[in-house]
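Colleague: One-letter residues, chain by chain:
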Amino acid sequence: MKFSVMVNEGPYTHQASDTAYHFIRAALDAGHEIFRVFFYHDGVNNGTRMTTPPQDDRHIVNRWSELGEAHDLDLVVCVAAAQRRGIADADEAKRNGKDGDNIAPGFRISGLGQLIEAGIQSDRLLVFGD
Amino acid sequence: MKFSVMVNEGPYTHQASDTAYHFIRAALDAGHEIFRVFFYHDGVNNGTRMTTPPQDDRHIVNRWSELGEAHDLDLVVCVAAAQRRGIADADEAKRNGKDGDNIAPGFRISGLGQLIEAGIQSDRLLVFGD
Amino acid sequence: MLHTVNKSPFDSQSLKTCLGLARSGSDILLIEDGVYGALVGTAHAAMLDQALKEVSIYALGPDLKARGLPEDRLIRGIKVVGFDGFVELASANDKVQSWL
Amino acid sequence: MLHTVNKSPFDSQSLKTCLGLARSGSDILLIEDGVYGALVGTAHAAMLDQALKEVSIYALGPDLKARGLPEDRLIRGIKVVGFDGFVELASANDKVQSWL
Amino acid sequence: MSQTRKFMYINRHAPYGTVYALEGLEVVLIGAAFEQDVCMAFIGDGVFQLKQGQDTTDSGMKNFSPAYRALGDYEVNRLYVERESLEERGLTEADLMPLTWEDEEDDWAEKPSIQLVSRAQLSGLLEEQDVIFNF
Amino acid sequence: MSQTRKFMYINRHAPYGTVYALEGLEVVLIGAAFEQDVCMAFIGDGVFQLKQGQDTTDSGMKNFSPAYRALGDYEVNRLYVERESLEERGLTEADLMPLTWEDEEDDWAEKPSIQLVSRAQLSGLLEEQDVIFNF
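Protein chains in written order, with the working numbering: chain A, 955 to 1084; chain B, 955 to 1084; chain C, 278 to 377; chain D, 278 to 377; chain E, 2 to 136; chain F, 2 to 136.
Warning: the hint list may mix true and false statements.
List time: in silico BS3-like cross-link candidates among lysine-lysine, alpha-carbon distance up to 30 Å [as the list claims (entries may be wrong)]:
#1 D/Lys356 / F/Lys112
#2 A/Lys956 / E/Lys7
#3 B/Lys1048 / F/Lys63
#4 E/Lys52 / C/Lys293
#5 A/Lys1052 / E/Lys63
Footprint (simulated), chain B over chain A, 3 or more residues, beta carbon under 8 Å [stated by the list, open to error]:
#6 963-975
#7 1029-1039
Source of the hints: derived by calculation from the structure; they are not laboratory data. Keep in mind that this is a model prediction, so the values were computed, not measured. All C-beta atoms, glycine included, are put in the ideal place defined by N, C-alpha and C.
Work the whole structure out from these sequences, hints included.
Modeller: Here is the structure:
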């Protein structure tokens, strides 16, 4: 079965990102396909490589990057939500006159159409948020 | 009278940052002193210069930087909360092996002791959050 | 003592918790989505009518206006203040407690 | 149809809203702080007892465990599942609605 | 991708206190280009999104309420408002913005987009959907 | 800064679902070094922070509940739990972690840190404070 997942809150502050991560792992373990993970609202803050959590805690951002790489996941950060919150890749940074970017490995920035497409193409769409 | 203000949520997602800003402006207009503004929890996301909100909306980060400059405000971003969420100044970036920093002008990163000190030194402490 | 409430009473327990703990004579200021608590004729209006016998309740004007809530729709006895009034309430009271 | 609820019923209306809109025969999964809704002997337990006559209610085991809620403290009839069970529920139902 | 799916956008947050209403509306407007079978539901504090007379001049926030009036032009013309939620909040239909759309198949007659529905009716509408978003 | 002020940290959030409990506790632990007159209050879902038997092995989150046991060593030894909040949640004092502190002035006798208080008592305690933080 083809799942898509929407993550609407940032790492640590709300458990949404943790729950989405564990759901996706379990879905992959059960042989399902993950069509796309879409990060919206504060969820875009899952996609910054600037994060340095305490040593004795999970590294939520790296965990997404690693899961993405291991399973070739499409981790999409919404461009409009990212602009409001200060997440940018190299293209976005250039376009907005920023002196650098901060997107984490394995994430890409794209538009809301990617979310709608996920809703159309997937058998199930799950929303994790606050 | 000496006020300190704690801002616990990021820009746009919750109104807390707006309310804190307008409260501080009104307090300054009334001749009060702002001892410190302390950004905690997701409030640290007010202090990134990577933000590019839509043209027809307020620029919350720049507004803080400008108010800070105009009134010599002490805008303190909590270091522990900032590490969890990916906000860093040049020192923090270097210490954590990051390839750049993203703190906005007028903000500084420091420890939670600054918040406790604000509670001790100020006549009133106000908390804005979710 | 000044209490602020920034949550809608229809979705959060913050206003109820605040009213349960605020002493007689306290000032309570409704801000952000908390201003919905000032609306007349709602499922919570009786709770506020009762509270007004013991405490003073204010609502932040800019937040009422943003949400399209005119003064004639508010519970009688609730006073509307601006940010200047918020600062005055915070000065006049010895401390501020935010019921988030 | 699978409904998920991730908020404590003591602070949010999400569980109440969910139960008000879920059709007979629905599956409801309590996750994150929503698992507090599964506790026996609370102010909301009667609402869940009533709901269990019409719907199936599940609670996510890892979230119960994190919060120190053992199975013998849950309302009778609520089933505990892991993330694998969450995936099965999401597959078995035709769609998922998250009551945030 | 020839199949049309039934999308419902559920709105349960008041405007301004949080960004969910504004960013939710952005999804609906973008989604309208995909020509799916779209409707919106307003439940709980979500009904406050449709309140008439929103004016953010004194609070410095962006007044996005005019964007709801554009929904009709995007063929998003079924906005279900839960009657019980309105009543709990002391509101009536007259408190809501008069949102309309023009029915191409009825000589462009202007018709109301907002429909008050009971909780029981809304429950049935939920079951009919293929995909549900929550804001 | 010779004056000692009365600080109260109010906890109203459950642990794990949001970060407020964890980051709130970090403030209390740092604040302990400033030798103020400190107490904590647990109201509403905040009482769940003190629930015994928290175990995050299956959820991958950080179990920070052991840190509450350290509070006594930092002379944070007045943890007021609202009795009404406990009762609404079907909990009793026996459900809470047995937190203690050693009273230097009483031959290091081990004493309980948690005190159940009624809503009315808590209301009075609030009035006594100089500074109130909310988590």
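Colleague: All hints, please: hold or fail.
Modeller: Hint check:
no., hint, result
1, D/Lys356 / F/Lys112, "40 Å, violated"
2, A/Lys956 / E/Lys7, "18 Å, holds"
3, B/Lys1048 / F/Lys63, "26 Å, holds"
4, E/Lys52 / C/Lys293, "24 Å, holds"
5, A/Lys1052 / E/Lys63, "24 Å, holds"
6, 963-975, "holds (count 4)"
7, 1029-1039, "holds (count 4)"
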